[in-house]
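Asks: Listed below, chain by chain, are the residues.
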Amino acid sequence: MILNRGTAGPRWRIRPDGPGKVTGKLAYLTDMAAPGMLYGFVLRSKYPHARIRAIRTGRAAALPGVHAVLTWRDVPGLNAFGIARQDQPVFCFDLVRYIGDAVAAVAAESPGIAERALELIEVDYEPLPVLDTPEKALAEDAPRLHPHGNVLHRCEYRHGDADAAFAACAHVVEETYHTPRQMHAYLETEGGLFVPEPEGRLTVYAPTQHGLLDRLQLARILAVPEDRIRVVSSPIGGSFGGKDELNIQPYGALLALASGRPVKIHNSRRESVRSGLKRHPMTITMKTGVDASGRLLAHRVRIVADTGPYATLGAEVLNFATEHAIGPYRYENVDVESVSVYTNNGMSGEFRGFGGNQVIFALEGQMDRLAERLGMDPWEFRLVNLRRMGDPGPFGQPVAQTDGALQVWKALKESPLRREREASRNGGAANGMADDRGAEHPPWIRVGFGAAMVMHGFGLGYGIPDPAAGKLRLAEDGKIEAIFGYEEFGQGLLATIETLMTETFGIAPDDLRIICGDTDRVPDSGSSTASRTTAMIWQALRQMEGTFRRKLLETAAGLLGRPAGTLRLGPGGVTDAEGDKPLVRYAEIAAKAAEPIQTETHFHFPVSDTDRIGAHFLYSYASVAVKVEVNLLTGRVRVLDQHHAVAAGPVVNPQGYVGQIEGGSGMALGYALLEDAIMENGQYLTGNLDTYLIPTIADLSGNVAVEPIEELPEDDPYGPRGIGEIGSVGLAPAIAEAVYDATGVRANRLPIDPALLICPPEKLWKAVSGS
Amino acid sequence: MIGRTKPLDAGHSVCAFTLNGEPVAVAAPPSRRLIDVLRNDLLLTGTKIGCEIGRCGACMVLLDGAPVNACLTMMYQVEGRRVTTIEGIAGENGALNAVQQAFLEEGGYQCGYCTPGMIVSATALLAERPDPTDEEIIEALSGNLCRCTGYGGILRAVRRAAAIGKEAESRA
Chain A
51 MILNRGTAGP
61 RWRIRPDGPG
71 KVTGKLAYLT
81 DMAAPGMLYG
91 FVLRSKYPHA
101 RIRAIRTGRA
111 AALPGVHAVL
121 TWRDVPGLNA
131 FGIARQDQPV
141 FCFDLVRYIG
151 DAVAAVAAES
161 PGIAERALEL
171 IEVDYEPLPV
181 LDTPEKALAE
191 DAPRLHPHGN
201 VLHRCEYRHG
211 DADAAFAACA
221 HVVEETYHTP
231 RQMHAYLETE
241 GGLFVPEPEG
251 RLTVYAPTQH
261 GLLDRLQLAR
271 ILAVPEDRIR
281 VVSSPIGGSF
291 GGKDELNIQP
301 YGALLALASG
311 RPVKIHNSRR
321 ESVRSGLKRH
331 PMTITMKTGV
341 DASGRLLAHR
351 VRIVADTGPY
361 ATLGAEVLNF
371 ATEHAIGPYR
381 YENVDVESVS
391 VYTNNGMSGE
401 FRGFGGNQVI
411 FALEGQMDRL
421 AERLGMDPWE
431 FRLVNLRRMG
441 DPGPFGQPVA
451 QTDGALQVWK
461 ALKESPLRRE
471 REASRNGGAA
481 NGMADDRGAE
491 HPPWIRVGFG
501 AAMVMHGFGL
511 GYGIPDPAAG
521 KLRLAEDGKI
531 EAIFGYEEFG
541 QGLLATIETL
551 MTETFGIAPD
561 DLRIICGDTD
571 RVPDSGSSTA
581 SRTTAMIWQA
591 LRQMEGTFRR
601 KLLETAAGLL
611 GRPAGTLRLG
621 PGGVTDAEGD
631 KPLVRYAEIA
641 AKAAEPIQTE
651 THFHFPVSDT
661 DRIGAHFLYS
671 YASVAVKVEV
681 NLLTGRVRVL
691 DQHHAVAAGP
701 VVNPQGYVGQ
711 IEGGSGMALG
721 YALLEDAIME
731 NGQYLTGNLD
741 TYLIPTIADL
751 SGNVAVEPIE
761 ELPEDDPYGP
771 RGIGEIGSVG
781 LAPAIAEAVY
791 DATGVRANRL
801 PIDPALLICP
811 PEKLWKAVSG
821 S
Chain B
90 MIGRTKPLDA
100 GHSVCAFTLN
110 GEPVAVAAPP
120 SRRLIDVLRN
130 DLLLTGTKIG
140 CEIGRCGACM
150 VLLDGAPVNA
160 CLTMMYQVEG
170 RRVTTIEGIA
180 GENGALNAVQ
190 QAFLEEGGYQ
200 CGYCTPGMIV
210 SATALLAERP
220 DPTDEEIIEA
230 LSGNLCRCTG
240 YGGILRAVRR
250 AAAIGKEAES
260 RA
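These protein sequences, in sequence, are chains A and B.
If you're matching positions, the first sequence starts at 51 in the numbering used here and goes up one per residue.
If you're matching positions, the second sequence starts at 90 in the numbering used here and goes up one per residue.
Please keep in mind that the hints were generated in silico from the structure rather than gathered at the bench.
Quantities reported herein were computed from a predicted structural model and do not represent experimental measurements.
We put the CB at the ideal spot given by N, CA and C, even for glycine.
Each hint should be verified, as a subset may be incorrect.
[Unchecked claim] Label-pair restraints from in silico Cβ distances:
(1) A:PRO804 with B:GLY180: 43 to 53 angstroms
(2) A:ALA112 with B:SER102: 28 to 38 angstroms
(3) B:GLU217 with A:TRP815: 40 to 50 angstroms
(4) B:ARG260 with A:GLY70: 27 to 37 angstroms
(5) A:PRO515 with B:GLU258: 52 to 62 angstroms
(6) A:GLU247 with B:ALA155: 39 to 49 angstroms
(7) B:GLU225 with A:LEU806: 46 to 56 angstroms
(8) A:PRO515 with B:LEU132: 51 to 61 angstroms
(9) A:PRO515 with B:GLU111: 32 to 42 angstroms
(10) A:ALA805 with B:ARG218: 46 to 56 angstroms
(11) A:GLU553 with B:ALA216: 18 to 28 angstroms
(12) A:VAL818 with B:ALA155: 38 to 48 angstroms
(13) B:PRO219 with A:LEU609: 28 to 38 angstroms
(14) B:ARG260 with A:ASN798: 25 to 35 angstroms
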């Protein structure tokens, strides 16, 4: 069934944060101001690679209205940050390694004064050779960007002997795929307010995807105990992974403490582009062979990722890419090697899809090419090798078993878009010269169909701390508090918690108070990343539900003088089996309870019984079918129609589910057709949204159908699977296949270059005249 | 960084205009950006800032009813005119207008940062064309970027807002 407002019925709810968003009343953290507030600015490197000879700040510090000028000398603790490894300097002191590197920061009474002060800071640089490709960085005589060299991480996986197996293959396809430096382009750029508090405390109001981890990182930098820092991190104007790592927080925090005044930082878009994370550009070479029946005998993959100057989660992204380059297929022999390389380009890091987007573009491209060699339908070819229930994961590891791969394969096979494709072929309309209603297109418009499979692991994977937690509490005022350390960056966290709480306990939205995004109040629930939060909240509630209900009912039973077994929770208070009105209200229970009514749970994200770092235990599956139109005069591709089948267990929040798949696919459309933050000599050639084009409503006005497949094996204990990322993965390879279907041009590089698709006019002329 | 220009002292230069139905006079040089006056001086932060070059539409406001980017509008252009921001776009007695209601019902937003600008643009469209075609909706919203929704919910919301408007009209 297609999920939408109509089919979801009453479960399609107005989000609790909706009214504040449509009226403009909801204050984002970058909307905040405080009396006596200063403006913080960061001086970033002039060169992509240079030695720092000297930094002189005297003239800037002497400028009236300037309250603090900071460099590496002013960092009381660790002058470095990074979620996984701390190799990014807060302030550079010997080397700058990319154009976004921070060298100094100022706080002043106005933005104008602060910008003037930046100009007065004198830095003597000695420019060094710019390593602007992984190949240059891997050369033997390349300068070392870090003491351990220019390789951040290598990963490999093998079973069997792929090289030997190619000899036995009936068909072998070898192709190198290139993927772009995609920008998150959240509409709210990085920023926040940093407020010194009494008793040496500091409050940080700044977006992040893991408040407690920001607190830990800031405590190391500031050399203060963690409990001296409070991080308030929601609401957020979009993140997509891009605000997971620290960005402006170290500078705001240091400036606030140095000046003793509140400091506001709000990046301009140019600053955001220059300093912020991007999706790793990857070069992926795949050699894949089949026997005459289509069975995959050998799959050899080489991945080179440009991780930029510092680690953040570059190693983890590479592990993910290595795993997902194998994907949902069975092979006799597999051989994957991957490397993530430091360069002087922009920072690469965590971004929705986490390395899957790149390799699945390549993997699905291989499947389409092999099917063609075999003379098979590309979707039927996938079925030959598709994983089945009971198969191990891509690394051979034990996984939670579902039939997701086959479910989404079948759903796509039966989708209207697939039937339309069949009809267009049976009608004999070569390259889709006519649409489903038989309408003729002008000869320069070609229609094509494509499809792709996605298997996407969620959670951080084996070997990485991945805690989960939650807390339920009847507050003094009678509100039932649901407390989770997760962040609302737009995905619908609050709506999901509200839905789960009201459906689990039968309470009304008004009975509920959701607390998140505040490190003073939340347990360590882990990060709001890796498509994990909905699943973790669901699992936490399963663990807490019984205890919390029992405590509430027992207290109510005491107050009412009736057995707890005859009572249940309802809107407004505790009622009996028949009652629609509360017999005792939650506020009264709270006032009269002898001891606090609360429960808390801490657990770990379920992991595979393996020793393979990063290997996943839980997966979601998706298939994507797409219909495109290519204009041979302009080379432009229009996406007309999409069908997404997603096997991810029960739908928790219908509106959020549709939104994640539609929104993710919008991002994937940009990835396939528009987006690349091009760099040259370590400099961005784009600085704002006039030259970095994300899709507009005109690009995304086509139809998008979202078909959730909720069925899980009967004894499955894990509940809803993650869907935050999977929608952003499959559309790009599906578009590439559809473009091939329409034009006969195979794209091995994203975004697809319109120049490849423009047909010389004489060919068109022949098509028009029929000769 | 927001607020590039420093506000002048009161009395130096005064710009008088109508803001959300109320007359206001603010001390601001003629070349100060409307976005800075709204966000920094008047603390009306419903108008967002995303690119500062008129590309993203997060700062869309109505100037005499027509949508403009507040980051590209200087105070001299506002003198004597009517400015409507998201804070002033609601219906009578602060009730949500049809566009706001439809965005809520259809889920035409996620992070919500583009939403005020989106609603301002859509409200301007429906004021001019109460029953727009999809092409007209696309044209009217093509200056408003959204990174979260893929625009599906937005398109459905504007269609629904038009339907709500028609219903209200047929009742009247």
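Asks: Run through the hints listed earlier and report the numbers of any the structure violates, in increasing order.
Replies: Hint check: 7, 8, 9, 10, 11, 13, 14 fail, others pass.
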